[in-house]
Amino acid sequence: MMKKHIILITLLIFSGISGYSQDPFLTVAERSRFTSTANYEDVMTFVKHLDASPFVRVEHIAVSTEGRVVPLLVIGNPLPAGPEDLENDRRIVIYVQANIHADEVEGKEAVLMFARDLLAGKHPGLLDNIVFLMCPNLNPDGNEPISTLHRTYQNGPVNGVGIRYNAQMLDLNRDAMKLESPEIRGVVSNVFNRWDPRVFMDCHTTNGSYHVEPVTFTWMVNPNGDNSLIKYMRDRMAPAMSESLLKKYGVENCFYGEFNDMGNPETGWFYDASVPRYMTEYFGLRNRLAILNENYVYADYESRVKGCYWLIRSLADYVSANKDEIRDMIRETDARTVSRGLNPASTDSFAIEFDVRPAPEKVTIKTYEAKLIGETDGWKRYEKTDVQLTVTVPYYIDYFSTRQVIFPFAYLLKTSDPDVLDLLALHGIKVEVLEEDSEFQVERFVISELKGAQRLNQGHYTNTIKGKFVTELVSFKAGTYVVRTSQPLANLAAYLLEPLSNDGLVTWNFFDKYLVPQWGRGYNEFPVYKLIEKTGLKTRPGK
Numbered sequence: 028m029m030k031k032h033i034i035l036i037t038l039l040i041f042s043g044i045s046g047y048s049q050d051p052f053l054t055v056a057e058r059s060r061f062t063s064t065a066n067y068e069d070v071m072t073f074v075k076h077l078d079a080s081p082f083v084r085v086e087h088i089a090v091s092t093e094g095r096v097v098p099l100l101v102i103g104n105p106l107p108a109g110p111e112d113l114e115n116d117r118r119i120v121i122y123v124q125a126n127i128h129a130d131e132v133e134g135k136e137a138v139l140m141f142a143r144d145l146l147a148g149k150h151p152g153l154l155d156n157i158v159f160l161m162c163p164n165l166n167p168d169g170n171e172p173i174s175t176l177h178r179t180y181q182n183g184p185v186n187g188v189g190i191r192y193n194a195q196m197l198d199l200n201r202d203a204m205k206l207e208s209p210e211i212r213g214v215v216s217n218v219f220n221r222w223d224p225r226v227f228m229d230c231h232t233t234n235g236s237y238h239v240e241p242v243t244f245t246w247m248v249n250p251n252g253d254n255s256l257i258k259y260m261r262d263r264m265a266p267a268m269s270e271s272l273l274k275k276y277g278v279e280n281c282f283y284g285e286f287n288d289m290g291n292p293e294t295g296w297f298y299d300a301s302v303p304r305y306m307t308e309y310f311g312l313r314n315r316l317a318i319l320n321e322n323y324v325y326a327d328y329e330s331r332v333k334g335c336y337w338l339i340r341s342l343a344d345y346v347s348a349n350k351d352e353i354r355d356m357i358r359e360t361d362a363r364t365v366s367r368g369l370n371p372a373s374t375d376s377f378a379i380e381f382d383v384r385p386a387p388e389k390v391t392i393k394t395y396e397a398k399l400i401g402e403t404d405g406w407k408r409y410e411k412t413d414v415q416l417t418v419t420v421p422y423y424i425d426y427f428s429t430r431q432v433i434f435p436f437a438y439l440l441k442t443s444d445p446d447v448l449d450l451l452a453l454h455g456i457k458v459e460v461l462e463e464d465s466e467f468q469v470e471r472f473v474i475s476e477l478k479g480a481q482r483l484n485q486g487h488y489t490n491t492i493k494g495k496f497v498t499e500l501v502s503f504k505a506g507t508y509v510v511r512t513s514q515p516l517a518n519l520a521a522y523l524l525e526p527l528s529n530d531g532l533v534t535w536n537f538f539d540k541y542l543v544p545q546w547g548r549g550y551n552e553f554p555v556y557k558l559i560e561k562t563g564l565k566t567r568p569g570k
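Be aware that the sequence shown starts at 28, since it is given in our numbering, and climbs by one per residue.
By construction, these hints were calculated from the structure, which means they are not laboratory data. Among the hints, erroneous ones may be present.
[Claimed, not checked] DSBU-like, lysine-lysine: derived pairs with alpha carbons at most 35 Å apart:
1) K407 <-> K478
2) K478 <-> K561
3) K393 <-> K350
4) K393 <-> K275
5) K398 <-> K350
6) K407 <-> K393
7) K350 <-> K441
8) K350 <-> K258
9) K274 <-> K350
10) K389 <-> K258
11) K540 <-> K561
12) K258 <-> K493
13) K258 <-> K407
14) K493 <-> K561
15) K478 <-> K457
16) K258 <-> K275
17) K457 <-> K393
18) K495 <-> K258
19) K149 <-> K441
20) K478 <-> K389
21) K441 <-> K407
22) K407 <-> K389
23) K565 <-> K258
24) K393 <-> K258
25) K398 <-> K411
26) K565 <-> K441
27) K493 <-> K504
28) K274 <-> K389
29) K457 <-> K540
30) K407 <-> K495
31) K411 <-> K274
32) K457 <-> K407
33) K274 <-> K258
34) K258 <-> K149
35) K495 <-> K478
36) K350 <-> K75
37) K411 <-> K393
38) K441 <-> K561
39) K457 <-> K398
40) K457 <-> K275
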């Protein structure tokens, strides 16, 4: 009875929503008839109105470089005071994030609309099974310089959008491994580590191929993630969401990708963002389910906003109906990851190079014939014609290892660099310390070549490294840092610490000062060692 009474109060608070009669409960997109998008003040004012509901609490993900708050809406019935309230709760936590690129704005509007309607009771039943975490504006600094000069090829809003980067000129969707921005540090600390959502969706707008569908989406694919979770997304969850989005909510959609050749679409549909600097790939390494939403840039703004809204609903419908299955599957995956680390098999490996092959099922894309209008540095430029065609083509999304190294029992770090240790801790990786001097048979990496990129990438001359592993008996002093792989975040730890990882600490220059001597040729000893065999380690909790 009390629960129904509170719901009635909330419906009265939001009574003007369903008829769109009260401007405070309309988003900027709605008030402007989909010609404008919200600035920071608009977002925060709207969030303040939502905060009148007893089912929402506003937390802070971060404070941006320019001092703006990144809000997190926690929505539940009953509303949990914190994640500890959910330890014996049958509900499941999902996190929806928008405006990581502040020139890709429809997710921001859709998240605000969905949160409002959820609190108004327009999505009955969802709050029985789900606690929602929703961030409408992850990149508030990038959102502020709204201009019609930004992203001019995009089909609205006609009154302009913000910019892709944050105030540090960082692309936040390239920061998941190095964590140099306050925004992504905040997501990892205050959302992923604190709330441990089982499902995550990141909202974007496309840049690529011509097609009809206003909404596209895909799933995490990195082969160092758990393959059973990837297959679950590919074979069950994503197809079910796609069908629901079309048949139940009337939104045409397809899985996200680009044509290998826009002039010859029969060659296939390709997804290439497989490394964990991207948020969805990073989340997959944490043994969780991730969805990348990419709304079609050439669809009109209203269709993109509403399509994104109904994709959020389709996601929530699926998770609500399958919450126990998802929770059990993730618990089993974590247990399997820990078990592997306790006693790694000789066949356990970490992929350092990979390729892609088609998924078992082809995809159907409604596209257009395109006319070649030029070529620059090998890149062909096409112009869409009015001739529409539908193609059913291979979907290149199944990434697999082509070169791998042995997955170890533990990593031993002969460095106490605070940048390295703080980063591991920020990711949530458990680090321990050796209690006594010890000798272990380990794999040591011998560098033969280390090259920085010729062009800066996110403020870094990213490294590529070559070398080989040699097996040696090595002495380690008490106080040496240890990262065991018998922890749920073992895949992420390996990705950061493996010297040949394509997106780890070596890539992003964390070890540079240790690797090259001031004078002379050659390289210093690589400071991370791999303990391959199960070994009795006397350790205490570290950083």
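Handout entry: Pair hint K393 and K258, alpha-carbon separation not exceeding 35 Å
Key = 25 Å, holds
Problem - Hint consistency between K407 and K389 [alpha-carbon to alpha-carbon, up to 35 Å] - result: 25 Å, holds
Problem - Hint consistency between K149 and K441 [alpha-carbon to alpha-carbon, up to 35 Å] - result: Roughly 56 Å separates the two Cα atoms, so the pair is violated.
Practice task
With a cut-off of 35 Å on the C-alpha distance, tell me whether K493 and K561 pass.
Solution key: 27 Å, holds
Handout entry: Distance restraint between K389 and K258, which requires alpha-carbon spacing of 35 Å or less
Key = 15 Å, holds
Problem - Pairwise hint evaluation, K561 against K441, where the allowed Cα distance is 35 Å at most - result: Holds, at roughly 20 Å.
Handout entry: Pair hint K457 and K275, alpha-carbon separation not exceeding 35 Å
Key = At roughly 44 Å apart (the allowed maximum being 35 Å), K275 and K457 break the hint.
Problem - Restraint status (C-alpha distance of K540 to K561 at most 35 Å) - result: 31 Å, holds
Exercise for the section: Mind checking the alpha carbons of K398 and K411 for me, to see if they're no more than 35 Å apart? Expected result: Holds, at about 6 Å.
Exercise for the section: Would you check the hint for K407 and K393, treating anything up to 35 Å between C-alpha atoms as holding? Expected result: Cα-Cα ~21 Å, so holds.
Exercise for the section: Compare the distance between the alpha carbons of K493 and K504 with 35 Å, and conclude whether the hinted pair is satisfied. Expected result: With Cα atoms ~28 Å apart, K493 and K504 stay inside 35 Å; holds.
Practice task
For the pair we were handed, K565 and K441, check the Cα-Cα distance against 35 Å.
Solution key: 16 Å, holds
In summary, the numbered hints that this structure violates are 5, 7, 17, 19, 20, 21, 23, 30, 32, 39 and 40.
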